[in-house]
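> The lines below spell out each chain.
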Amino acid sequence: MNQDTVLQVRDLATYFELRRGVVKAVDGVSFDLRRGEVLGLVGESGCGKSLTALSIMRLLPKGGARTVRGEVRLGGENILELPASRMRDIRGRRISMILQDPQTSLNPVFTIGEQLREAIFRRAPAKTAEIMKEAVAALRRVEIAAPESRISQYPHQMSGGMKQRVVGAIAMSGEPQVLIADEPTTALDVTIQLQYLKLLKRLQTETGMAILFITHDFGVVARMCDRVAVMYAGRIVECGPVAEVFERPAHPYTRALIASVPKMTGERGRLATIEGQPPSLLDLPPGCRFAPRCNLAEPQCIATYPETADIGPAHTVSCWRSDTR
Amino acid sequence: MSDEPLLRVEGLKKHYRVTKGVLFSRTLGHVKAVDGVSFTLRAGETVGLVGESGCGKTTTSKLILNLEAPTEGEVLLDGKPIHDLDGAELIAFRAKVQAVFQDPWSSLNPRMTVGRTIAESLIVNGWTQERIKARVSDLLVQVGLRAEQATQYPHEFSGGQRQRIALAAALASHPKLIVLDEPISALDVSIRAQMMNLLKDIQAEQNVAYLLVAHDLATVRHMADHTVVMYLGKIVEQGPTESLFRDVRHPYTKALFSAVLEARPGAAADEIELKGEVPSPLNPPGGCRFHPRCPFAFDRCSHDEPDLREVSPGHNVACHLYDAVETGKTSDAVRATSPAS
Amino acid sequence: MQRLPWIPILIILTIFAMAIFAPLLAPHDPIDQTLKDKLLPPFWFEGGSTKYILGTDAFGRDILSRLIYGARVSLLVALLALTVGGGVGLTIGIVAGYLGGTIETILMRLVDAAFTFPAILFALLLSVTLGQGLGTLVIAISLLLWASFARIIRGEVLALKQRDFVALAKVRGCSTLRIMATHILPNVLNTFLVLVTLNIGVVIIAEASLSFLGAGIPPPTPTWGLMVSEGRGRIADAWWVALIPGIAITLLVLSVNLFGDWLRDRLDPRLRQL
Numbered sequence: 001m002n003q004d005t006v007l008q009v010r011d012l013a014t015y016f017e018l019r020r021g022v023v024k025a026v027d028g029v030s031f032d033l034r035r036g037e038v039l040g041l042v043g044e045s046g047c048g049k050s051l052t053a054l055s056i057m058r059l060l061p062k063g064g065a066r067t068v069r070g071e072v073r074l075g076g077e078n079i080l081e082l083p084a085s086r087m088r089d090i091r092g093r094r095i096s097m098i099l100q101d102p103q104t105s106l107n108p109v110f111t112i113g114e115q116l117r118e119a120i121f122r123r124a125p126a127k128t129a130e131i132m133k134e135a136v137a138a139l140r141r142v143e144i145a146a147p148e149s150r151i152s153q154y155p156h157q158m159s160g161g162m163k164q165r166v167v168g169a170i171a172m173s174g175e176p177q178v179l180i181a182d183e184p185t186t187a188l189d190v191t192i193q194l195q196y197l198k199l200l201k202r203l204q205t206e207t208g209m210a211i212l213f214i215t216h217d218f219g220v221v222a223r224m225c226d227r228v229a230v231m232y233a234g235r236i237v238e239c240g241p242v243a244e245v246f247e248r249p250a251h252p253y254t255r256a257l258i259a260s261v262p263k264m265t266g267e268r269g270r271l272a273t274i275e276g277q278p279p280s281l282l283d284l285p286p287g288c289r290f291a292p293r294c295n296l297a298e299p300q301c302i303a304t305y306p307e308t309a310d311i312g313p314a315h316t317v318s319c320w321r322s323d324t325r
Numbered sequence: 326m327s328d329e330p331l332l333r334v335e336g337l338k339k340h341y342r343v344t345k346g347v348l349f350s351r352t353l354g355h356v357k358a359v360d361g362v363s364f365t366l367r368a369g370e371t372v373g374l375v376g377e378s379g380c381g382k383t384t385t386s387k388l389i390l391n392l393e394a395p396t397e398g399e400v401l402l403d404g405k406p407i408h409d410l411d412g413a414e415l416i417a418f419r420a421k422v423q424a425v426f427q428d429p430w431s432s433l434n435p436r437m438t439v440g441r442t443i444a445e446s447l448i449v450n451g452w453t454q455e456r457i458k459a460r461v462s463d464l465l466v467q468v469g470l471r472a473e474q475a476t477q478y479p480h481e482f483s484g485g486q487r488q489r490i491a492l493a494a495a496l497a498s499h500p501k502l503i504v505l506d507e508p509i510s511a512l513d514v515s516i517r518a519q520m521m522n523l524l525k526d527i528q529a530e531q532n533v534a535y536l537l538v539a540h541d542l543a544t545v546r547h548m549a550d551h552t553v554v555m556y557l558g559k560i561v562e563q564g565p566t567e568s569l570f571r572d573v574r575h576p577y578t579k580a581l582f583s584a585v586l587e588a589r590p591g592a593a594a595d596e597i598e599l600k601g602e603v604p605s606p607l608n609p610p611g612g613c614r615f616h617p618r619c620p621f622a623f624d625r626c627s628h629d630e631p632d633l634r635e636v637s638p639g640h641n642v643a644c645h646l647y648d649a650v651e652t653g654k655t656s657d658a659v660r661a662t663s664p665a666s
Numbered sequence: 667m668q669r670l671p672w673i674p675i676l677i678i679l680t681i682f683a684m685a686i687f688a689p690l691l692a693p694h695d696p697i698d699q700t701l702k703d704k705l706l707p708p709f710w711f712e713g714g715s716t717k718y719i720l721g722t723d724a725f726g727r728d729i730l731s732r733l734i735y736g737a738r739v740s741l742l743v744a745l746l747a748l749t750v751g752g753g754v755g756l757t758i759g760i761v762a763g764y765l766g767g768t769i770e771t772i773l774m775r776l777v778d779a780a781f782t783f784p785a786i787l788f789a790l791l792l793s794v795t796l797g798q799g800l801g802t803l804v805i806a807i808s809l810l811l812w813a814s815f816a817r818i819i820r821g822e823v824l825a826l827k828q829r830d831f832v833a834l835a836k837v838r839g840c841s842t843l844r845i846m847a848t849h850i851l852p853n854v855l856n857t858f859l860v861l862v863t864l865n866i867g868v869v870i871i872a873e874a875s876l877s878f879l880g881a882g883i884p885p886p887t888p889t890w891g892l893m894v895s896e897g898r899g900r901i902a903d904a905w906w907v908a909l910i911p912g913i914a915i916t917l918l919v920l921s922v923n924l925f926g927d928w929l930r931d932r933l934d935p936r937l938r939q940l
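Residue numbers (my numbering), protein chains in the order written: chain A, 1 to 325; chain B, 326 to 666; chain C, 667 to 940.
Don't take every hint at face value.
[Said to hold, decoys possible] Computed spacing ranges between beta-carbons, pair by pair: (1) A:Pro292 to B:Lys458: 26 to 34 Å; (2) C:Lys827 to B:His499: 53 to 61 Å; (3) C:Gly821 to A:Glu175: 43 to 51 Å; (4) C:Leu787 to B:Gly451: 51 to 59 Å.
[What the hints assert, rightly or not] Every beta carbon over 10 Å from chain C, so not counted as near; a handful from chain B, in silico: (5) Asp428; (6) Ser432; (7) Pro435; (8) Met437; (9) Thr442; (10) Glu445; (11) Asn450; (12) Ala497; (13) His499; (14) Ala529; (15) Pro609; (16) Pro620.
In case anyone wonders, no lab produced these hints; they're calculated from the structure.
Just so you know, these numbers come straight off a predicted model, no measurement behind them.
All C-beta atoms in this analysis are idealised placements derived from N, C-alpha and C, irrespective of residue type, glycine included.
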């Protein structure tokens with residue numbers, strides 16, 4: 001394991017066992033997250049990106065979902081095997097998470113200060129006055145104006161952008177090595193999104209934490225991430241440095257996805273589309289999962305799943321036809 | 326054909342009274358959700374209405390759909406005011422103006438077959454059973470579904486398919502205008518392009534006009550002939566999409582453009598990052614409503630409300646920086662920071 | 667998807683069959699008093715007799731026969747009261763919730779008033795003015811029911827009204843009445859159904875209370891509630907007189923609730939696919 005790697009995920013698989021069959025929502029995901037980097041995990045809804053995050057945090061929804069194999073190494077230790085009590089200590093301290101909807105991330109009946117205090121107290125028990133001072137500092141770090149007065153407010157007295165900053169402050173109060181951000185700006189307005197992304201980037205540079213940034217938006221990836229992993233139907237199909245993936249996307253899915261986003265410059269004509277729909281996770285094809293929608297597909301693509309191949313510096317792809325670009 | 330546009334919105338205002346108390350209620354103030362909006366829309370054309378949440382774009386669309394009555398101002402369809410229609414005239418208006426909303430999971434009645442949903446406006450308009458059946462089949466095929474899917478219920482469809490069904494229902498009565506309120510933002514990236522292409526194809530075939538309410542500038546650029554930018558209930562800038570995107574004038578529009586994250590690494594150059602958030606529409610700031618957040622604000626902006634003035638053919642801006650557009654230096658200085666230039 | 671709840675369905679069907687075929691099934695006349703055989707326990711206890719399988723009450727009437735005939739009255743009252751009271755509540759809930767404004771304020775104040783209203787007292791008053799009987803009982807219990815139906819249905823309608831398909835129906839030119847009938851009503855039917863099943867117990871207990879107070883079906887016609895009331899005072903020495911109809915009520919209410927749960931899952935297309 002590389003010295004710099006803080007989080008190593010290997011062959012992670014999380015299935016839903018339903019009466020009708022097994023939904024392979026996450027089906028063999030592997031990646032490394034290095035100290036101080038932002039790794040983007042992009043894909044469409046149902047590709048398994050959020051479930052990957054929840055599997056890492058061991059916060060799978062009750063009833064059905066189960067991690068069936070794989071390893072998640074945090075500083076060399078497989079956290080999937082830890083007892084639940086140790087996992088609770090790790091969550092919020094060494095690995096933390098921000099979710100999409102700030103509305104549901106905060107408890108409406110407690111003040112901002114009380115919610116922050118709880119998080120700070122868990123990390124380092126101290127006197128109330130000192131913790132309050134720290135809470136104010138935490139709010140100031142996430143650029144909340146007049147934190148002394150904000151601390152006694154309730155979530156409903158704040159705007160969405162402000163609430164998401166508080167969620168960030170709570171998530172980062174334990175000074176985690178790894179932050180998982182699951183679509184943190186999707187519910188925000190565009191100008192507020194930009195503020196938030198800049199803030200997150202700044203905090204990340206200051207603390208050197210690693211961020212796993214989950215999003216469906218390639219614009220956000222381009223702005224935020226150092227590397228990007230593209231997920232399709234439960235697997236990572238391509239992974240590489242952001243500039244490299246955007247300039248030379250190797251997987252036909254990545255290419256089509258980038259092409260289908262309307263641009264701010266250039267032609268305004270018809271958009272490239274990906275016809276059809278992702279396969280049912282209940283009944284996955286044996287070969288490449290994108291093959292039925294891929295215009296480069298050959299018999300081999302349908303028959304066997306392509307192995308992950310290196311095609312450049314730190315750039316990997318799972319495609320039989322990645323030579324044709 | 327006359328010069329009269331299909332839709333004319335004139336000085337439209339919608340104020341909501343905010344009260345406190347139940348029995349002896351006290352008026353705390355008015356939320357000026359829409360505060361003096363005027364624009365026109367020609368047959369077969371698309372107008373994009375952009376802005377952030379709380380700018381009044383959705384309220385404007387509700388007023389145009391005649392789902393709410395304005396506090397002041399008028400909406401005219403084919404030169405006729407729409408807000409005092411009733412009876413047969415209202416039904417005729419409803420057939421001409423249809424809508425597709427954002428959330429495909431909320432747009433369809435879960436207890437109604439999709440065929441019945443699509444047929445609804447035809448039933449109201451008294452079509453015969455056979456004609457309705459044939460029309461529903463045609464519509465399903467037109468939006469890329471199969472005719473026999475008419476008997477299925479919404480839960481059997483994906484989000485993208487539901488949005489196609491919603492579009493089919495909107496098209497049923499051969500409308501002249503469809504209000505598209507964020508029609509693609511709830512869809513997956515790969516499905517969005519399909520939907521946008523479908524909307525454009527249908528417009529080309531049927532000469533239907535769209536009022537596209539959206540927050541995503543790239544989508545508007547792709548779809549709209551004319552773009553209207555709103556901030557806190559007012560239009561701050563409007564113009565033909567081509568010229569507006571080429572030459573962004575209003576500082577708020579510029580900030581919106583800076584906030585667009587392009588799927589292109591390193592695209593972020595000189596960004597205007599806005600401080601703070603959109604103020605409450607209850608007691609909005611005096612003068613120009615954008616001045617507390619505007620990086621270029623000067624004295625006049627805090628007390629004088631700027632009017633829309635033409636800066637190039639058809640391109641209007643409500644900003645004091647362009648008060649003396651021919652001679653002023655300020656405008657050149659601002660233009661230099663424009664990301665589009 | 668839950669499987670068909672066979673046992674509850676069987677119990678419900680049995681009770682319905684009892685009600686319908688009462689004259690054929692009952693071994694004795696339900697109001698025929700045989701005082702020498704009074705307070706006999708069920709046959710499997712000491713002193714019991716196979717002549718009276720479930721024993722007899724204080725007047726020597728056969729409990730089994732009274733149970734079978736009682737099902738008739740109890741089910742009929744439940745059916746009528748839920749139709750009238752539930753129907754009124756459903757209509758008022760939909761109208762108030764969808765129309766809003768002054769109409770809603772007036773209707774909901776009426777609902778509030780109905781909750782503070784001494785329904786039992788009113789029922790007694792009714793029985794004095796109109797006389798005892800099925801009609802009086804149904805009106806009294808309906809008055810007890812409609813308000814809770816109206817309040818819950820209105821809450822449901824308020825949430826439903828915010829859904830886009832309601833606004834879109836308006837855009838398509840649907841009249842207010844059409845929207846209420848085709849978009850609102852079908853979407854609150856599940857809630858209504860659940861309310862109906864939950865209220866069967868309420869109705870049977872209300873019927874019992876009113877019969878006990880003398881405002882229900884006049885004795886000696888047997889009803890389950892009346893049977894419990896009559897046996898109440900002898901629970902120490904002749905427990906079966908009250909307990910047997912009590913068990914019947916519990917079985918019926920429980921079965922109807924289980925069946926209602928299943929029906930709700932079955933009728934909700936969103937739950938059906940799982």
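> Failing hints, ascending?
Result: hints 2, 5, 6, 7, 8, 9, 10, 11 and 12 break, sorted rising.
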